[in-house]
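On the provided structure of chain A, position chains B, C and D with the ligands as indicated by the hints.
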Amino acid sequence: MTVQKLPIAKAINESLRKALDTDPKVLIMGEDVGKLGGVFRVTDGLQKDFGEGRVIDTPLAESGIVGTAIGLALRGYRPVVEIQFDGFVFPAYDQIVTQLAKMHARALGKIKLPVVIRIPYGGGIGAVEHHSESPEALFAHVAGLKIVSPSTASDAYWMMQQAIQTDDPVIFFEPKRRYWDKGEVNTEAIPGPLHRARVAREGADLTLVAYGPMVKVCLEAAAAAEEEGKSLEIVDLRSMSPIDFDTIQTSVEKTRRLVVVHEAPVFYGSGAEIAARITERCFYHLEAPVLRVGGYHSPYPPARLEDEYLPGLDRVLDAVDRSLAY
Amino acid sequence: MTVQKLPIAKAINESLRKALDTDPKVLIMGEDVGKLGGVFRVTDGLQKDFGEGRVIDTPLAESGIVGTAIGLALRGYRPVVEIQFDGFVFPAYDQIVTQLAKMHARALGKIKLPVVIRIPYGGGIGAVEHHSESPEALFAHVAGLKIVSPSTASDAYWMMQQAIQTDDPVIFFEPKRRYWDKGEVNTEAIPGPLHRARVAREGADLTLVAYGPMVKVCLEAAAAAEEEGKSLEIVDLRSMSPIDFDTIQTSVEKTRRLVVVHEAPVFYGSGAEIAARITERCFYHLEAPVLRVGGYHSPYPPARLEDEYLPGLDRVLDAVDRSLAY
Amino acid sequence: MTVESTAAARKPRRSSGTKRASAKRTPQPQSSEPPLVQLLSPEGERVEHPDYQIDLTAEELRGLHRDMVLTRRFDAEATALQRQGELGLWASLLGQEAAQIGSGRALRDDDYVFPTYREHGVAWCRGVDPTNLLGMFRGVNHGGWDPNSNNFHLYTIVIGSQTLHATGYAMGVAKDGADSAVIAYFGDGASSQGDVAESFTFSAVYNAPVVFFCQNNQWAISEPTEKQTRVPLYQRAQGYGFPGVRVDGNDVLACLAVTRSALERARRGEGPTLVEAFTYRMGAHTTSDDPTKYRADEEREAWEAKDPILRLRRYLEREGHADEAFFTALDEESETLGKRVREVVRAMPDPDPMAIFDHVYADGHTLVDEERAQFAAYQASFVDADPAADAAIAAAGVTGVAGGAGGAGASGGAGVHEGDR
Amino acid sequence: MTVESTAAARKPRRSSGTKRASAKRTPQPQSSEPPLVQLLSPEGERVEHPDYQIDLTAEELRGLHRDMVLTRRFDAEATALQRQGELGLWASLLGQEAAQIGSGRALRDDDYVFPTYREHGVAWCRGVDPTNLLGMFRGVNHGGWDPNSNNFHLYTIVIGSQTLHATGYAMGVAKDGADSAVIAYFGDGASSQGDVAESFTFSAVYNAPVVFFCQNNQWAISEPTEKQTRVPLYQRAQGYGFPGVRVDGNDVLACLAVTRSALERARRGEGPTLVEAFTYRMGAHTTSDDPTKYRADEEREAWEAKDPILRLRRYLEREGHADEAFFTALDEESETLGKRVREVVRAMPDPDPMAIFDHVYADGHTLVDEERAQFAAYQASFVDADPAADAAIAAAGVTGVAGGAGGAGASGGAGVHEGDR
Ligand SMILES: Cc1ncc(C[n+]2csc(CCOP(=O)(O)OP(=O)(O)O)c2C)c(N)n1
Ligand SMILES: Cc1ncc(C[n+]2csc(CCOP(=O)(O)OP(=O)(O)O)c2C)c(N)n1
Ligand SMILES: [Mg+2]
Ligand SMILES: [Mg+2]
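Chains as they are written, first to last, in the numbering used here: chain A, 56 to 381; chain B, 56 to 381; chain C, 36 to 456; chain D, 36 to 456.
Rather than coming from a laboratory, the hints here were simulated on the basis of the structure.
Do not take every clue at face value.
Simulated DEER-style distance windows between Cβ atoms [as the list claims (entries may be wrong)]:
(1) A:Glu275 - D:Val418: 20 to 28 Å
(2) D:Met389 - C:Asp181: 41 to 49 Å
(3) D:Pro69 - C:Lys328: 43 to 51 Å
These stretches of chain C come out as covered by chain A in the derived footprint (C-beta under 8 Å, 3 or more residues) [as the list claims (entries may be wrong)]:
(4) 110-118
(5) 203-216
(6) 287-298
(7) 367-373
Since the structure is predicted, the reported quantities are computational estimates derived from the model, not experimental observations.
Note that CB positions come from ideal geometry on N, CA and C, so glycine has one too.
Looking at chain A on its own, in the form it has when it is part of the complex:
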């Protein structure tokens, strides 16, 4: 039997290990990914076992990391790049947006860019500035990139496998405050498609859509709501580009109410896209406007304020109540 109970960080580690093991073209690159194993130890032990030629400590330059990963991909490698924290991806933004995302189309399909960019993201770990952000919308708007985020150990393992196998650039957002949450990983079960949403809990009265770190909060909210006699369905989005609108639509046609929850600021966030499109698809089904719960239009606050800033159980249930009140 190949079922193990693993923390999310370890599940990713195992998935990277397997990829390194099975495909000699897979490389790990990033700051401190070698001996240290990354600041979150996600690449722990990999350099020791696969060598400095496969697990590469890079100079401290994100544009350089992504830019050289593109070059390596052009040479036939499959680099898996680590950006140390969400707030440090921006020096690489130009390479990601103008080169990585567009080069396949620029070449009319003649070259492929199988690059995975791993980004530990989100807040809740009491960190200093730039270490707690959720910039997924800034990538999802850009054609040519695929954007995913697991919420469970199993998804962490399998989605990483699939991301590495994908011939397109994938930005893999890792919910850093869930790194230590354990879950079962079956390393042999064939997973569903990378970009399909998952109904994480069935319910009848309202649909909550969330991804990454907020899935857990929504599950807790649903448990609390149940005690009040409200039945919430939870869709774990898993992929922010593409978005599996069909699964959300099916759920909303049943529950007739939708609340989207994410850590990222609401303004121009992924909730907006989901609200707009689901409202279009389910116009005659919706009993209430799609409501959004997320970050405010402010810089991510200092750690002592993050509990107030981050959507918690109460903020989610507040939105649920507001929706149900329509």
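Just chains B, C and D with the ligands now, with coordinates in the frame of chain A:
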């Protein structure tokens, strides 16, 4: 009398000239802004009249341009930075997002960053790659920045005056394919607030929201629709952050239908934010879902396809018809 | 179009000690001027350099001349086609032929090239059909040739980005244990971009087999090189721990010798080299540019005297390496090339609008599929009489004009606006 | 807290020709090792350097010692406070006191500093109350001191960014015709960032009065300097056209002399200088880091012998510049400082949640206003019995729980979940 008929590019030129003239702290910086006057001649003649100390040709490095503009602002200057084309702002993205946008908050208000970043944006000029993009959503999601775009010569003149006077960073998106469109500029009339939307045409049956280059398309669509007996109201948004939702709401409460039009890709675009928020605000007023017309989820195509890619009269009217059919 | 492979590029670097009759040792430029590797004077005289020897046959020399002449002819044709409205834009390499042909002919087939948007001469050396280069300037694609068929990457417009791609590619070459090398082209303006500096860092740290070939044509659109640097650009390499050399960019022999030496160094596993080819942009930045706004005619005139093609021609004639028949035949070949380019470009069709949705992803994306289908239905809606259109609408799976529950209304109503397209 | 201003920093660079008794000319490091400016040996002996003289009074020397000791004490206290849970994180400067105090004391009041996140010693020299530095590490703000009150900019976490701010600021200084200078701190790791390279380019081209002070502490978290560069970092400057100098970063006198000289050069309008202070990060990268994962204890031990504080103390003692009473008093002052820091930090209140909405913009933003009001109403909704809560809800202008037409429903229903908070 101080009313002149000016092309938009010239209106901005006049506005920059006035700012240089009245405030010795105002600087113009960018690639080729000096002798050449910029590739669109928007800064034409300014270096000749104000000298190399005020109108500064910079090295070819966008991060450096914005980063040094931040330093100059900290020293008390008010830099107006030109990014040569929309697609070349990304090397500066880190400085804009992690520094320019956040520094005022980081200092708990003790320092101010009055930096204007001018970006000629959008397509329709038959250009090569990276010269036709509309990246406004990638900035509007970020707190600490203000995002505006004029659609008329008068707004070009006055909004630039106001942007320069603002103590916050402003990204000033200039609709490059409208640079040569003329309009009346009254250089003495006191304008409305920078971030207030403008009803560009009154109508009864449906509201079109647009900004920058698409306002003209929407006005033409409204004229065509009128011949078919449909009365369209047009809101020129003018500001993408903040968004004047009140003006849109007032319009939609009257017309009960809304279509948002922009050149940028629809997916995660500004139309999503407007659709989500207006649906929330006007849930019981809307007779149809808010529809969006914009770019596709693909890289901006080669010039010979841009007429198909860019929302034109027909695409707008198609959405109008779809909305009215509900 | 086949491109003559200049065999010289395969010769060992130090072939023999024999000197050409005309070779003489000229003093290197004074110390106030940065040292410049030159093997052919503007007057077409061979000069020797202690570090760079080259010994080409008459045929090889004629080959270089032919490359430069045909490249210039192609470039002129492209400029003309832009004037005629066949291209939206053209970035001329006029004046930079020696830098491009010299460096391009130093490459082996298995080397890999990362160009900017102006390396038409290098493309020529790689055997890329020059008409392929015109697609992006015509606006029918963004490049679109297969980089791997000639080891010539797509043109990169975002200044400096490609230097990192080249470095990464070279890191891969080293990993593979191959002995080929990579060359990255960039301009004097590009030298200011952070990406270029990062490529220096990465290539030095990983000892990547890459040659950075900077064509310092002294202008970045309207900005002279003084706006980018206080010191000659080749000096930058030293601070990153690898050698930099300045070469006369209008001297095809020197460019060939210096690039070859740098490539060999890379192959030997000794890491990167920066070559600064000191040259001049004889034309406008692109056809959209008007250099009279910012530079004096005299500057251009002074550089005309250093013309790279004239220089080699003088040498060929002086040495008797080429006769009148050669030049006449070359003129004819040029005209044939021009004619062919003209014809191919004029016949180049506009892409199918549906191409907007092609190749956005290699492995597909549901939203692209959905938008493709909607677009097809929308397009089809304009041809009301055509039964295929209705089929397309149906196939797209969008609901009818009535806008049924759960579906976005289709575009049926749009037909009335057909006349506006 | 006032910080003693070391008057030495105001003295002209070349004060007199008199040499200290202990001064002797030691051979500079061999050619295989890069030259390193040193004025005080690890054993505390004064050595001379042809280019850098310094002549400090005993009082000035004691001042430097005091600065270093108090900085180290403060740093140790902060580390302890992190262990106690009072801070979320701390980035210790242990081992870098000489680099920071030496360079910090070279500054004039009207000079401007752009630090990274580790310049606690420089902050000390600027007169920034050290407890101000702790807010961001405690998580109550992101910095928040007024940069202009001590000409000490906020800590910058995004590696390298501040070098461009410093350059721009220096461009402004030059524009103003002021004779002050700017100093930008960064690390060996940061040297790889494109922004740092761009700051070299801009400062050179505009001849900006800025000193780039790189503390090469040989580690960027777990990566040794070899992962960033093949050659000593000070050499990088040359390729951008300005001087670079490597100084013994554990020698406070050398750091003072070299920085002062660079600042004076900037003031004279001669442009930027790069100073590489060769030092060692004695502790972990931050309190979150575990260096045993990646470096050997012996390395640290070797560097302990070069300790910057011990070195100056030995010199003071050898020269009789300080007596036991001085050191005892300093120990007491240290303890007082530690105590005060402890007390201030423990008393540091959490910010008001409403602060989330403060200072996002200088001139306001309607969405921030709206979200502030909604948040206030939401917060108020948890205090059901409090009439002020209802007032807040009403003031926020949101409609009632019934979700009337055109309005988002308010948060009235949330009170039931109060227990979960
Ligand atoms: C990042 C970026 N910024 C700006 C531009 C606009 N631009 C195109 S070419 C050019 C000048 C390039 O000069 P140089 O590097 O010397 O190359 P050259 O054109 O002389 O061959 C500029 C500013 C661009 N393409 N990319
Ligand atoms: C752009 C960016 N990337 C990554 C990080 C994470 N990070 C913080 S400190 C550090 C190492 C910095 O090393 P160095 O510049 O030598 O300074 P030191 O910490 O040694 O003082 C890294 C990688 C960051 N803060 N910013
Ligand atoms: Mg150039
Ligand atoms: Mg370091």
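Each hint tested on the structure:
1. A:Glu275 - D:Val418: 20 to 28 Å: Holds - the Cβ-Cβ distance for Glu275 of chain A and Val418 of chain D, about 23 Å, lies within 20 to 28 Å.
2. D:Met389 - C:Asp181: 41 to 49 Å: violated, 59 Å
3. D:Pro69 - C:Lys328: 43 to 51 Å: Between Pro69 of chain D and Lys328 of chain C, where Cβ atoms are some 47 Å apart, the hint holds.
4. 110-118: violated (count 0)
5. 203-216: holds (count 8)
6. 287-298: violated (count 0)
7. 367-373: Violated - the segment 367-373 of chain C has 0 residues with a Cβ nearer than 8 Å to chain A, which falls short of three.
Of the numbered hints given earlier, the model fails hints 2, 4, 6 and 7; all others are met.
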